[in-house]
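As they're listed, the protein sequences go chains A and B. Taking this note's numbering, the leading residue of the first sequence gets 63, the next gets one more, and so forth. Taking this note's numbering, the leading residue of the second sequence gets 12, the next gets one more, and so forth.
Hints may contain errors.
To be verified - Dumping the calculated BS3-like pairs for lysine-lysine here, alpha-carbon to alpha-carbon at most 30 Å:
| # | chain 1 | residue 1 | chain 2 | residue 2 |
| --- | --- | --- | --- | --- |
| 1 | B | Lys88 | B | Lys63 |
| 2 | B | Lys111 | B | Lys88 |
| 3 | B | Lys79 | B | Lys67 |
| 4 | B | Lys67 | A | Lys71 |
| 5 | A | Lys71 | B | Lys63 |
| 6 | B | Lys67 | B | Lys88 |
It should be emphasised that the hints constitute simulated quantities derived from the structure, not laboratory data. A quick note: this is a predicted structure, and the numbers were derived from the prediction, not measured.
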Amino acid sequence: NAGVTQTPKFQVLKTGQSMTLQCAQDMNHEYMSWYRQDPGMGLRLIHYSVGAGITDQGEVPNGYNVSRSTTEDFPLRLLSAAPSQTSVYFCASLGQTMRNQPQHFGDGTRLSIL
Amino acid sequence: GDSVTQMEGPVTLSEEAFLTINCTYTATGYPSLFWYVQYPGEGLQLLLKATKADDKGSNKGFEATYRKETTSFHLEKGSVQVSDSAVYFCARAGGTSYGKLTFGQGTILTVHP
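Can you make the complete structure from the sequences, with help from the hints?
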């Protein structure tokens, strides 16, 4: 049981480049989300999804796109990377019947934009 | 809106010292409360949780009690170890969207031998 898997673990981009951060979970969880972690600011919610075909914005959605074509996968896309998007990105998942339970987090993707 | 406030850090302690990291939350709805820990170079791990008022979460010697009257969920440990050095995050979930977690800013703990 792999849980939540994020790829890649590290990435360096140039300003203006695009890339997709991958997130997959094998627990059949309905809820998936993306957070970014910045020093002194904790984790902030970027986008989330309550099921396949349904996505919504979180606290800091600008510059990011998401889609949810399957229950398992929830990729995060940076269309034109900016230095302000240098951060550590975490994907998380939760089952709908687990409302009071903690989310499962991936190990993170460390992204640097030059 | 929902928010979580943690004590300012970093916190530096000697081994076997007593630890308290303060956390307060906004009282909207009936949130579940969590403490997550992040060891250097790793992702987030759940440390403990509490889902209703007066619940006490505990794990690995850490404890936190859900105090509705003071909207607090302070993390405590009676005797810290060097291996407890990490970043600790307080978080709340609940309200209208069950999956949304709101995090505090994190507290860096360093324990010296």
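Results of checking the hints against the structure:
{"no.": "1", "hint": "B/Lys88 / B/Lys63", "result": "holds (21 Å)"}
{"no.": "2", "hint": "B/Lys111 / B/Lys88", "result": "holds (28 Å)"}
{"no.": "3", "hint": "B/Lys79 / B/Lys67", "result": "holds (12 Å)"}
{"no.": "4", "hint": "B/Lys67 / A/Lys71", "result": "violated (35 Å)"}
{"no.": "5", "hint": "A/Lys71 / B/Lys63", "result": "violated (36 Å)"}
{"no.": "6", "hint": "B/Lys67 / B/Lys88", "result": "holds (13 Å)"}
Comparing the model with each earlier hint shows violations of hints 4, 5; every other hint is respected.
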